[in-house]
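In case you want the letters, here they are:
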Amino acid sequence: MRLECDGLKYTYPGSEAAVIDNLCFSMTAPGFNAVFGPSGVGKTSLAKLLVSQANLPASRIFTSGLDRILYSYNQERLPGWSSTGKHLNKVCPPGKEALKKKLIDIFKLEPVLDARFSQLSMGQQNRMNLIRYLLQEFDLLILDESLANVDEALRETIILAIKAFFPEKMFLYISHNLMEVAKFCRDILVLSEPVKQKGSFMVKGRDYAHGYTLDKQAFDASMLEVMDAF
Amino acid sequence: MLFRRIYQFLIVYCLGLACLLGIKKVLTLSDYVIPGVPLILETAGRVSQGYLFDVFNTLSVTILGQVISIIMAFTVGILGRKSSWAGSFIKVMAYNIQAYPIVALAPIIFILLGDGFISRLLIASMICYFPLLLSVLGVMAAPVKDIEHFYIATGRMRWQLEVKIRAFENLSKLTTVIAGSATLAMAGTIVAEFIAANAGIGYSIRIALYQSDLAGILVALFIIGIVISIYQGMLETLGDQVKTKWFAPKGGELL
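Chains G and B supply the protein sequences, listed in that same order.
In this text, residue positions in the first sequence follow my numbering: the first is 47, and each later residue adds one.
In this text, residue positions in the second sequence follow my numbering: the first is 968, and each later residue adds one.
Take these hints with a grain of salt, some might be off.
Said to hold, decoys possible - PhoX-like, lysine-lysine: derived pairs with alpha carbons at most 25 Å apart:
| no. | chain 1 | residue 1 | chain 2 | residue 2 |
| --- | --- | --- | --- | --- |
| 1 | B | 1212 | B | 1140 |
| 2 | G | 136 | B | 1210 |
| 3 | G | 132 | B | 1212 |
| 4 | B | 1049 | G | 94 |
| 5 | B | 1112 | G | 136 |
| 6 | B | 1212 | G | 136 |
| 7 | G | 94 | B | 1112 |
Stated by the list, open to error - Restraint ranges, calculated between C-beta atoms of paired labels, are given here:
| no. | chain 1 | residue 1 | chain 2 | residue 2 | range |
| --- | --- | --- | --- | --- | --- |
| 8 | G | 128 | B | 1052 | 33 to 39 Å |
| 9 | B | 1118 | G | 154 | 24 to 30 Å |
| 10 | B | 1124 | G | 263 | 48 to 54 Å |
| 11 | B | 1042 | G | 68 | 48 to 54 Å |
Unchecked claim - Computed, partial: chain G to chain B, Cβ under 7 Å:
| no. | residue |
| --- | --- |
| 12 | 116 |
| 13 | 127 |
| 14 | 182 |
The set of hints was computed from the structure by calculation and includes no laboratory data.
The C-beta atom is built at its ideal place from N, Cα and C for all residues, glycine as well.
Work the whole structure out from these sequences, hints included.
Encoded structure:
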């Protein structure tokens, strides 16, 4: 499994400045990886490029073992004509009912399965949206702020559960939460603001899994390294 | 909603009538030019029943014409929602035809089809079809990305689902446009009847016009206004019921 960019450049039509310029990085194993950086540095643009341009002949994005890339983001909505529970049942592929049940339990969404999507809180909406993606077939799932508005404790539970349930899949987690990224991600792609002309860096996170013991010194070092790169 | 429509019409009608009576008073015009209240009431008593049946006759053509327009607008709107060659062609054609006063084509229709039911129906349909089509095209051609993304990404998107999502997200707009098109269809039918038909309230207004019977025309306008207000109110209520049923969970409140 490999996700690699070599000299990726992208400029939006009508714009003079490239939002992504000469980006090079490589992620070579399944697991929880991250893209980190301030707003406007091109994290979402990179995610959309990965989905649309991976494996195209002239692309600077190279993949192997990533045939199915899905991109989820935090503003997605479920159709409002049926309850969220019915919607999950409808999009749940055959044979994944048990996984769906477990995820609903871990994501603490059981009490709102009869509610319409618009009746959920923003955190519940994001969790509901994430569940339906996790039920699909994918090799790489990009989570663009997919756990925004979810409280910290539950976010940690969810991330650890995802890591435990999908050890063979690759995740690319886009977040603004430095502690979370440094704690749970293995490879962290740090994008800095173009004005700083620092480019991009790969930093190793702590990649903690279920039942971890926090090594405070190493964790601080990872956070400092990310901060320094950004 | 139904009552609001009716009393709004009554306010507008009374204001219009008061203006006419004001002009009559200021310019000291005779009852022959602008009838007084007693003459209007006397005429109302004489012609109301006949006019009411005429309005129902017109309304039946209007409803049928509107139904045909809605079916056609949704069919063409759904077919033309894609940014394909055919879709672009339909959009450009609809915009251009909509800019043309369709009622000006009425004489051609009467020459070709005669002054019967079909001519009235065709004009009523044509007048409300193009504004409806533009609205449906606008709704159906605009992706609801935040909802559609998942279905496209996971390969589940079908045209029926796409149409359902876009219709659901724009239900208020669609019901408003459908209710509004009732007025257009009614206007189209009345104009058609006025020009050359042999039935309906437009035909009765033409007779009243040739007799310089302004009181009769005022009574006709009153009945038309009340009936169309009730019809539009019923359409809006129906639209609201559809929204409530589709949006809210069973036994729940509409958010």
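Hint check results:
no. : hint                         : result
1   : 1212(B) x 1140(B)            : holds (17 Å)
2   : 136(G) x 1210(B)             : holds (22 Å)
3   : 132(G) x 1212(B)             : holds (16 Å)
4   : 1049(B) x 94(G)              : holds (23 Å)
5   : 1112(B) x 136(G)             : holds (20 Å)
6   : 1212(B) x 136(G)             : holds (20 Å)
7   : 94(G) x 1112(B)              : holds (14 Å)
8   : 128(G) x 1052(B): 33 to 39 Å : holds (36 Å)
9   : 1118(B) x 154(G): 24 to 30 Å : holds (26 Å)
10  : 1124(B) x 263(G): 48 to 54 Å : holds (50 Å)
11  : 1042(B) x 68(G): 48 to 54 Å  : holds (51 Å)
12  : 116                          : holds (5 Å)
13  : 127                          : holds (5 Å)
14  : 182                          : holds (5 Å)
Figure legend: structure checked against the earlier numbered hints; every hint is met.
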